Amino acid sequence: MSESHDTNGTPRYYVPHSSVWPIVGSIALFITAFGAATFIQQSTDKVLTATGTYGGIIFYIGLAAIAFMMIGWFGAVIKESLQGMVSGLLDQSYRQAMMWFILSEVMFFAAFFGALFYARLISVPWLAGAGHKLETHLFLWPDFAETWPLFMTPGGTATEAMAAWGLPFINTVILVTSSVTVTFAHWALKKNQRGALQAWLALTVALGIIFLILQGVEYVHAYNDLGLNLSAGIYGSTFFMLTGFHGAHVTLGATMLAVMLIRILRGHFTPENHFAFEAASWYWHFVDVVWLFLFTFVYWF
Amino acid sequence: MLDVLIIAVMIGIMVSLGGGLYFLVRDRGATQRTVQSLSVRVALAIALLALLAYGFVTRFILPAA
Chain R
29 MSESHDTNGT PRYYVPHSSV WPIVGSIALF ITAFGAATFI QQSTDKVLTA TGTYGGIIFY
89 IGLAAIAFMM IGWFGAVIKE SLQGMVSGLL DQSYRQAMMW FILSEVMFFA AFFGALFYAR
149 LISVPWLAGA GHKLETHLFL WPDFAETWPL FMTPGGTATE AMAAWGLPFI NTVILVTSSV
209 TVTFAHWALK KNQRGALQAW LALTVALGII FLILQGVEYV HAYNDLGLNL SAGIYGSTFF
269 MLTGFHGAHV TLGATMLAVM LIRILRGHFT PENHFAFEAA SWYWHFVDVV WLFLFTFVYW
329 F
Chain S
1381 MLDVLIIAVM IGIMVSLGGG LYFLVRDRGA TQRTVQSLSV RVALAIALLA LLAYGFVTRF
1441 ILPAA
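Protein chains in written order, with the working numbering: chain R, 29 to 329; chain S, 1381 to 1445.
To be clear, the hints were calculated from the coordinates, so they are not data collected in a lab. Some hints could be false.
What the hints assert, rightly or not - Ranges between beta-carbon positions, derived for each pair:
(1) R/Trp169 with S/Arg1406: 30 to 36 Å
(2) S/Met1381 with R/Gln226: 42 to 48 Å
(3) R/Ile150 with S/Leu1385: 45 to 51 Å
(4) R/Ala156 with S/Thr1438: 28 to 34 Å
(5) R/Gln111 with S/Gln1412: 25 to 31 Å
All of these numbers come straight from a predicted model, not from anything done at the bench. Glycine residues also receive a C-beta, built at the ideal position from the N, C-alpha and C atoms.
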């Protein structure tokens, strides 16, 4: 046996002969960036009224092309996996790629949590005259008092805060429950109990969708009743930036778990060979942990 | 005291989640260490919620809003 082969004789690296997906992906990315840039250029000074510009339409065509590329490319990878072409180093590469992807996600959220902490602990106290910034306070905003949540900005924009002990707490319980059910599904897969695996995973996806619907209800409440929106000062911007990007990640995680459910219903995965499931499940745990930190630092304290 | 406990549980959550990723990369599906780590992670998440709820009910730690 040569070193380039696994014990079962398959090559350690499976290299496909040719694939159309990288060039499809490149074109899709170009269309998306071109559409987004055109949309911004066409909607400067009239952001809310810029309906019907062709830039926006091109942007959505680009997004659809990216989705088409992902479905095609991931489908090809699944097919290769089912034909036993994934082995040795390629499997290790997938797992390391997952690790780098997660590292980028951690950095992404670290930047936004960093913005929140900077505003709360440094810039808002400065505007109220903390530290050596007394003159900023005296000359620019003498009437400004420091509070968090920031009910009244130095410029005079008022908002109400989102209460933690209501819908947000219910949503937290829903998301933690969905992590419990995905863990049960994980154990069921490890013990090869297919029925339990399907039931727990389906329940997880359903809980994820309920979370997103309730988050939408919360946003409507924030906009209509609390005056809490993206232009309501640093509290509103950090609130929507953190919870909004988290919601986008819940959407992505629920989509991945739904794909896993479809694959499981088709009989994919074994107790030893289930990287895609384990990665999607881990990602769901990650999204839940981000929410726990959000709930503690955005809503609670 | 309660806030120290809450922070300790949050650190525990990050460590067990990180452990799950480490075993996901390292063990390549051959062991149960990933799912074991993630089970610890979920148990700690429930503990965190219980602590926050306890702090709210006893008024030791009240939400800012």
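Taking the hints in turn, this is what the structure says about them:
{"no.": "1", "hint": "R/Trp169 with S/Arg1406: 30 to 36 Å", "verdict": "53 Å, violated"}
{"no.": "2", "hint": "S/Met1381 with R/Gln226: 42 to 48 Å", "verdict": "44 Å, holds"}
{"no.": "3", "hint": "R/Ile150 with S/Leu1385: 45 to 51 Å", "verdict": "27 Å, violated"}
{"no.": "4", "hint": "R/Ala156 with S/Thr1438: 28 to 34 Å", "verdict": "31 Å, holds"}
{"no.": "5", "hint": "R/Gln111 with S/Gln1412: 25 to 31 Å", "verdict": "27 Å, holds"}
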